[in-house]
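Chemist: Sequence:
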Amino acid sequence: MPQGGNHMQSKGESTRQAICEKARELFCKRGFKGVAMQDICKATGLSRGGLYRHFDSTGQIFSAILEGFGGAQNRGIHEQIGRGVPASLILEELLCRYEYEIPDSGSSLSLAVCEFYSGSDSVNAPPILDWYESSRAGWEELIRYGLDTGEFSCPDPRGMFDLVVFAYQGARLWGRLMELPKGTPGRMLGQVRRLLLGPEMIRLERPRPEHKERALEFREGFFAHGEPTIFGSELLDKTESYDKWLESVTRNTDPKTVDPNWVLTDTYFALDGRDDIVGIIDLRHELNGFLKDLGNCGYSVRPAKRCHGYGSQMLGLLTVRAKAAGLSELHISVERDNAPSVRVIKGWGGVYERSFSHEGAGADVYVVPL
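At position 212 of the sequence shown the residue is numbered 212 (full-length UniProt numbering), and the sequence of numbers has no breaks.
Calculated directly from the structure, the hints in this document are not laboratory data.
Warning: the hint list may mix true and false statements.
Said to hold, decoys possible - Restraint-style ranges between C-beta atoms, simulated for each label pair:
(1) 361 to 176: 49 to 55 Å
(2) 199 to 361: 35 to 41 Å
(3) 309 to 329: 20 to 26 Å
(4) 42 to 238: 54 to 60 Å
(5) 129 to 329: 41 to 47 Å
What the hints assert, rightly or not - With a Cα cut of at most 30 Å, we get these calculated DSBU-like pairs of lysine-lysine:
(6) 238 to 256
(7) 244 to 256
(8) 22 to 323
(9) 29 to 182
(10) 323 to 212
Even for Gly, the Cβ is constructed at its ideal location relative to N, Cα and C.
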């Protein structure tokens, strides 16, 4: 009997979770007021009696959905800290997720939350302040961890959390009411990185018009060092016009506008705490025949900025973005005699796959699991 009871309890919890998942989709699309119990019956395939066996009202279902939010994020942060994952990578994972979520109005509960807490259905629900405090606890644990490791520079963790949570929630709510200007989430969350990361930490930013002067100076640093090729630069080393290059790399970030002869590609400048461009790196979301040997990623560190660990930081941050984009592994090629890059790739779990010849020199392909 005890085994049967546990099985029934487990099955009941599984059903409750399935109800919450289907109901969440409806709340995201219609808000809280636009969803009735009969809508949830239809979405779940449960009879009215079957649904009421688990929940008495839409308010009770919505409360259950909210209870799972902060807890899951906090557990993830705490678990990664326990494993010694760098604070900068935990931060990057959170902000990448936020960047994907902000423009996705179909997955936003912001409107539903406002409707729920402005009505009588929330009387027996935990105050929204509890949700705020739970989320704050996780973020402050992360910030304290980053301060201890020297990765973060933040005199006011509480203020930083308020900046993040209210900017994120505000952007999601506005995204329900209007189409956010292109690039808004990335620029907004980029400021969080800029304010939170310490001076020796780098951040990745998509190229923008305001980078022009620094980008050309960055390129000249390679030419002056006798290096005409800048790996991972998407032909920044070959272009005669920064503006045309910017237009090209921007088009290639969108499946609707990507060059038919190329693949979906994200290009990033690596900026330090002084806003200097110290490197460039790209992420190719798939491999065509031309890229079979060249891999998903190429990167270069400015000659004057080498031996500072920037290459390792860049690749680490890119693995987070690649995983957020749905990739399961990165194929990275490197010339065999480039010992520093080989160490960086192996440092992020790169495993040798095969060798090939590149312009007469031996090169190897490594696979980095994500």
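Chemist: Take the hints in turn and mark each one as holding or not.
Modeler: For each hint, the structure was consulted:
no.: 1; hint: 361 to 176: 49 to 55 Å; result: 54 Å, holds
no.: 2; hint: 199 to 361: 35 to 41 Å; result: 37 Å, holds
no.: 3; hint: 309 to 329: 20 to 26 Å; result: 23 Å, holds
no.: 4; hint: 42 to 238: 54 to 60 Å; result: 57 Å, holds
no.: 5; hint: 129 to 329: 41 to 47 Å; result: 42 Å, holds
no.: 6; hint: 238 to 256; result: 25 Å, holds
no.: 7; hint: 244 to 256; result: 18 Å, holds
no.: 8; hint: 22 to 323; result: 25 Å, holds
no.: 9; hint: 29 to 182; result: 22 Å, holds
no.: 10; hint: 323 to 212; result: 29 Å, holds
Figure legend: structure checked against the earlier numbered hints; every hint is met.
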